[in-house]
Amino acid sequence: MTPIPLAYSLRNLWTRKLTTTLTAGGMALVVYVFAAVLMLDAGLRRALVSTGQADNIVVTRRAAASEVQSGVERTAAALIETQPEIAVAPGGARAASKECVVLIAQPKRVTGAVSNVTVRGLSESGFALRPQVRLTAGRMFRPGSAEVATGRSIAERFEGTGLGERLRFGGRDWVVVGTFDAGGSGFDSEIWGDVDQMMQSFRRNAYSSVVARLADPGRFDELKQRLEADPRLTVEVKRERRFYEEQSELLSNFIRILGLTLSVIFSIGAMIGAMITMYAAVANRTGEIGALRALGFQRRAILAAFLAEAMLLATLGWALGLALASLMQLVRISTMNWQSFAELAFSFTLTPRIVLQSLLFALIMGLAGGVLPALRAARLRIVDALRAA
Amino acid sequence: MQFLKLILRNTLRHKLRTGLTLLGLVIAVLSFGLLQTVVDAWYAGADAASPNRLVTRNSISLVFPMPLHYRDKIRAVDGVQSVAAANWFGGIYQDPKKFFPQFAIDAVPYLAMYPEYRVPEDELRAFLRDRKGAIVGRKLSQSYGFQVGDVLPLTGAIYPGNWSFTVRAIYDGAEAKTDTAQMFFHWDYLNETMKVRIPRRADQVGVFVVRIADAARSAAVSQAIDALFRNSSAETLTETEKAFQLGFVAMTEAIVVGIRIVSFVVIFIILAVMANTMAMTARERLSEYATLKALGFSPAYVAALILGESLAIALLGGGLGIACTFPVAAWFGTQTGAILPVLEVGPLTLAMQLASAFVVGAAAAVLPGRRAARVRIVDGLRAIG
Amino acid sequence: MSAPLIRVRGVSKSYRRGGQIVPVLHDLSFDVARGDFVGLMGPSGSGKSTLLNLVAGIDKPDAGEILVDGVDITRLSETELADWRAAAVGFVFQFYNLIPVLTAFENVELPLTLTALSRRERHAHVEAALGMVGLADRVEHYPAELSGGQQQRVAIARALVTDPKLIVADEPTGDLDRQSAADVLTLIDRLNVELGKTVLMVTHDRRAADFAHAIMYLDKGELSAAEDIHERSVHGRH
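Residue numbers (our numbering), protein chains in the order written: chain A, 1 to 389; chain B, 1001 to 1385; chain C, 2001 to 2238.
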């Protein structure tokens, strides 16, 4: 089947600039919402999943949804530390960190609104377990002191958390001696200090979790089985990545479901816009359609030409919408993660996958909006089309 | 009269086009209204707050408890009428997706300070007599089929272990906006059980709800309470119930703001569609408008015809969209269950929906109206091939 | 004498209009010889355009057969008919029906895209066709930039570019001023005389009829008279 030249569809869009702009504009807005939601979800996952190392594990109390709600007794922590699968650092120290994670309420700098911030007490071996964390100003806190270091997101947005500032929590004053950058991961939203100091201040007898590096990541299952079956312990062992992935699930699912539902509903509006435009195009070009058929073009060629026009519109909308959405990468969001109750900062992340998904979405919109009018064009009887011209 | 007749006939000329535009408008106005309603629901807790109730919690974070002995001290503060302990239980009913709030409460004082929870006398007595008894709200009862006498098993997450309660009462809300998706049971039963299972976690309270005599004195009383516990191991923060509820909303502020913004995006989408429809329609009828002008009608009349048609379609679509918002919101409420217990379409939302429809109708007619008013008669009458 | 190009036998056609069946053509039979220039005339509603549409293969009769160059087009499927039209028929309409978004050149090239010719071959044909109608200098213009007469000439170039045997014209001068009409008719006549194309033209313009060799009159769906101006053409103009 010989198609009608693509120039026919393209030039018709160009001739009616206002209509093309408005119709593509409507679709662009829908693509923008769709892409922005996916970008938000991708940013959230990146913040949380990049928090985890491939060879690290996190041990918490069984069924604890987050470290904050978890308790690991001292004896249990000691037992976990000595497991053979745990890596040993040069110098003999175990690559395991007993940690105490609590939430404090701090006011934000600009608005003064209070939000929960994660405070993590680490053992000395804790730093080595997080290679993605780099000091950007000052120095790390000294063990045994009332010093803390704050993550980039917290230092920027919360009072008292900048370099040299003082914080008060747990009945004591703490001084911020350094800030760090955790590469967009969840640690950017944390305040770090010495675990024993934290335990004391918050009158804790049990740690929140034990984070450790495996000498051989393949031996995870053995360790998991052994620890979880041990009657002296009531613990759960997870790979660090999986642990943080689960933390984001509720929020991530909510964002995705709400966002996609909205996108689909909005897309109906844009599709209707495309349908109206294409019906008008068919109605106004009835004479041409008759002429093309008379010349010998098949019905399918007419169908294809009008579908192409609709999908070109959609592609234009996609390009505009994606351009708008990619601007969102400049925006940083912070919200409370529902599972950990703590503030989490993340941003919109554009991935190649999202670029393709939004293109597909746009094309489906164009197809759905254009199919009925295109069918009407194709089904015209030649004599009727010529007479109506 | 002729003017209105012309407008009406014009809208009916292109039934398919008008129909599609109407459909688009309905969807847009409906979505807009629904989103605004969801945002309002987010604030429902704060709206239902009473100015006579204060909430005292650990100043560090809600996640930390306070010692039980604070209760008597708080009760002794001047201005305080009664105090009730309440712990967020956070258990799982069958599976985590079947979420609803569960609180362990000092039943007698707590229920007295929440007169909006209406419990039948006999059921209340049955509940008070049974230490393992539970009260569930009407919405919960409808969602999960809880009836008086049913056993309600929960798996504890914060308070580990298996727990079993018996539904003794079902409460209704005094107003439509009262949350009836909650479950309450006896604080004493929680405490006794924890003394046995994990003793070091006994005698710990999540929040104290405090009723005060005079709402005007809430700031003074709050400060007085907090002063009692300054420099102790568990300092407190006391605030009005409304401030407490708003604190939750503030934490997810970004999402709420996002939803509000997105709800306006849909209006812009439909504006683009409507503007396109009117632009195309006006362009096709250019020769008619030229004819009218040739006959002696003013440019303003011609522009008014377009504006009238645009507004007629927009307001009709908007009206239908508003009408649909109520049943859809109600259905949505049954789907979200206890997460958004109060889903009421507020008057402000309705006003915004109407205003949006009006603005869309008016804005869409601006450019086409101007063009039609300005068309030169000779240009318009020239045959368009 | 070669076989007639067009052979119509027992053709009938009716239309459904609002629930009623309106008969338009009734048991028509006639021949058109190769190289003939036939005018179809008759009062409004007599079915002349309908007949033209049937012979050109853009509509199907209810009964009868139509053979064009030996091919019974009433037996062809819609797909086959489209392919047949592309090769065998050239159209000239009253309102030109050019594609507004294509230039004159591209409009004339359009039928050639349905063939297997290469781009260079197509361009050669287009230039020749446009040269023949005298519009070689207007190739890049869009229809909106051309006068009615010029547009109709582009349409004629389009009609002849695939070198079809049959040219059908439906009121080709209906929308033109006197001078342009004369130019267009002269052109169509040249297609017939110089290129040997068979022309079937519906018209109510007496001047147009003068160019034809024979006139068929249609009235109420039946051929009432066939005025053979063959003599005139033999003595008059060659």
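Please keep in mind that the hints were generated in silico from the structure rather than gathered at the bench. Glycine residues also receive a C-beta, built at the ideal position from the N, C-alpha and C atoms. Where hints are given, some of them may not hold.
[What the hints assert, rightly or not] Computed from the model, here is a short list of chain A residues facing chain C with C-beta under 8 Å:
hint	residue
1	L6
2	Y8
3	R11
4	A63
5	A65
6	Q69
7	S145
8	A146
9	L260
10	T261
11	T286
12	G290
13	G296
14	V383
15	L386
Each hint, compared with the structure:
1. L6: Check failed: Cβ of L6 (chain A) comes no nearer than 11 Å to chain C, outside 8 Å.
2. Y8: holds (6 Å)
3. R11: Because about 4 Å separates R11 (chain A) from the closest Cβ in chain C, which is inside the 8 Å limit, the hint holds.
4. A63: violated (67 Å)
5. A65: With a minimum Cβ separation of about 61 Å from chain C (threshold 8 Å), the hint on A65 (chain A) is violated.
6. Q69: violated (66 Å)
7. S145: violated (77 Å)
8. A146: Not OK, violated: A146 (chain A) not within 8 Å of chain C, min 76 Å.
9. L260: violated (38 Å)
10. T261: violated (39 Å)
11. T286: violated (10 Å)
12. G290: holds (7 Å)
13. G296: holds (3 Å)
14. V383: holds (5 Å)
15. L386: holds (7 Å)
This entry does not satisfy hints 1, 4, 5, 6, 7, 8, 9, 10, 11, going by the numbered hints stated previously.
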